[in-house]
Amino acid sequence: VEICVCVKRVPMVGGAIVVTPDGLDVETTMAGFTVSPHEECGVEEAVRITERLGGSVTVLTLGPSQAADQLRDMLALGASRAILLQTDGAEWGAVATAAAIADTVRERRFDLLVFGNEAADTGGYQVPVRVAHMLGLPCVTGIKRLEVVAGADGSPDRIVAGREYAGAEETFDVPLPAVVGVKEGINLPRYPSLPGRLRAKRATIETVELGSQPPDGMVKQRLLVPAASGARSELLGSGADAVPALVRLLDDLGVLR
Amino acid sequence: MTVLCLVETDADGIREPSLRALSVARALAGSAKEEAEDLAAAWVGVEAVVEGGSLALAGVDRGCAIDFGAAAAYAPAAWARGLAGLAAAGVGEGLGPVSAVVAAATDRGNEVLAHLGAITGLPMAANCVSAGWIGPGRCQLVRQRWAGSLLEDAVLDATVALLTVAADAVSSEQVAAAGVGVGGALADVPVSRYQPALTGGDLLVQAAQSADRRAGASLATARVVVGGGRGVGGPDGFTMLEELADLLGGALGVSRVVTSQGWRPHRQQVGQTGTKISPELYLACGISGAIQHMAGCQGAKTIVAINTDPDAPMVAKADYAVIGDLHQVIPALIEALRRRRT
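Chains A and B, in that order, are what the protein sequence lines are.
Under our numbering, the first residue of the first sequence carries the number 41, and numbering increases by one thereafter.
Under our numbering, the first residue of the second sequence carries the number 127, and numbering increases by one thereafter.
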């Protein structure tokens with residue numbers, strides 16, 4: 041099974057988000073970066089599929105030159121090739137991102153394209169679907185269970201994908217090639233092995249230079265952190281001594297049975 | 127002009143997230159500079175799935191049942207094809223052309239509108255909390271990033287604006303009050319039927335319902351959630367948190383570090399990549415309060431933090447705090463609650 045997993049470099053924001061003085065970006069000068077959580081699970085899922093059925097995993101990202109770090113992280117998890125669609129670091133809209141990805145993967149004959157369901161930062165919920173339409177492939181998103189099924193000749197034929205709906209699971213039976221958007225929880229990603237990390241360090245990353253960002257129909261004007269309630273928390277006490285006050289509070293809230 | 131809102135339905139009629147989407151769609155329709163736009167609701171299935179009275183309550187002027195004939199299962203591309211056809215053909219006599227298509231930011235709503243965006247080539251804004259017209263084809267909106275930990279002001283320029291509405295954009299009180307003052311009497315809303323032309327690939331992806339009911343689905347609707355984080359220290363510590371949750375008739379929720387350590391299953395995760403909760407009480411034990419987690423629990427009415435670190439973000443963000451080790455506080459609390467019962 042030849043699988044391409046698309047990942048995104050996002051800042052690790054920790055306890056608070058700080059916006060840059062111009063109000064247009066998240067302050068990242070002191071932040072580390074990581075891959076969106078859904079996508080790390082996507083890479084793990086792809087690696088597990090190829091461990092079982094053979095084939096290989098390619099990871100692809102669209103981002104600045106530093107996004108090569110995240111590609112190497114994913115190579116350390118077991119991907120074997122990496123492609124960087126290099127930008128100047130400006131945020132690309134969903135339509136342009138999907139077009140650049142579709143142009144890159146079109147000629148490479150993947151059986152399965154895996155995306156995170158939505159990026160942790162922009163939360164656009166649409167790149168996998170747009171890529172699927174550009175390539176004329178079926179697509180299903182929100183996936184928390186994925187199985188690749190082989191056909192009569194033993195080659196990968198279709199997927200059975202499951203997602204949560206109204207407290208139950210709904211399943212989709214989709215012929216390959218196909219596009220899926222996966223969610224965290226589909227698996228528990230492994231820690232990279234030492235040989236994996238060494239291999240990732242030496243690996244060549246195929247880089248495609250993209251021009252500047254094409255115009256998008258949605259223009260960001262300003263980012264703002266929602267106002268906190270302002271009220272400080274009320275201290276009920278310290279240690280087990282606080283329990284009587286805590287019980288009174290629970291009683292007042294009407295949650296004691 | 128007409129704002130068209132996709133509503134998801136179940137046995138009880140319009141689902142809650144779609145009522146919120148209708149609320150934002152109605153505000154968008156009412157924001158037009160010259161004269162207010164009409165609001166139409168569309169759903170997939172037969173006309174009778176949605177009662178005219180509930181449409182009137184939500185301020186809807188016209189209903190439209192999108193009918194695929196035999197194929198009744200959820201099929202994202204086909205649903206989008208139906209909306210695209212409806213938007214192009216117009217919703218019905220007397221209504222102007224479609225200016226916007228709105229849906230709830232659920233798995234289905236986001237997915238269908240993404241397909242609609244891909245089919246039409248139009249941009250789509252996911253997880254909006256508000257939207258209004260600032261000119262023909264120009265929509266000023268506020269949308270969530272980082273699952274609501276950050277807001278974005280943006281302008282959407284498109285012949286048809288495609289928006290999904292975040293679950294927490296509108297409070298349930300606002301939804302309940304929506305019908306008051308809209309159109310006076312609760313007359314039944316006219317409902318028409320639309321049969322879209324599908325292409326071959328549109329029904330390639332269809333949902334089948336699995337019998338497998340997942341435990342933990344109650345987390346999203348629990349009245350009380352007892353949360354455990356890194357401070358619990360390991361898989362064993364969750365036994366007492368579960369016991370406390372049982373005593374309070376609630377559910378156990380955990381932070382992301384707990385699921386990525388494999389201490390608890392992912393379905394118990396509260397946060398941006400887990401479940402969003404909205405209980406009366408969230409008791410957060412040994413949870414630092416990273417924004418990833420807060421995105422999942424900011425819907426709680428009251429948050430009580432139990433933490434050894436008085437400077438933890440969770441302590442600052444909570445309504446009440448106990449500074450101390452949960453391994454001492456929780457057993458004492460369990461004992462006090464048991465004594466109260468006897």
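Among the clues, some could well be false.
Chain B is faced by these chain A residues, among others (derived, beta-carbon under 7 Å) [unchecked claim]:
1. 52
2. 180
3. 297
The hints are simulated quantities; they were obtained by calculation from the structure and are not laboratory data.
Since the model is a prediction, treat every value here as computed from it, not as a measurement.
Built from N, CA and C at the ideal position, the CB exists for glycine as well.
A quick look at each hint next to the structure:
Interface restraint check: residue 52/A against chain B, minimum CB-CB distance 9 Å, threshold 7 Å, status violated. At its closest, the beta carbon of residue 180/A sits 5 Å from a beta carbon of chain B; the interface hint therefore holds under the 7 Å criterion. Annotation: residue 297/A was flagged as interfacial toward chain B, and the flag holds, the nearest CB pair being 5 Å apart, inside 7 Å.
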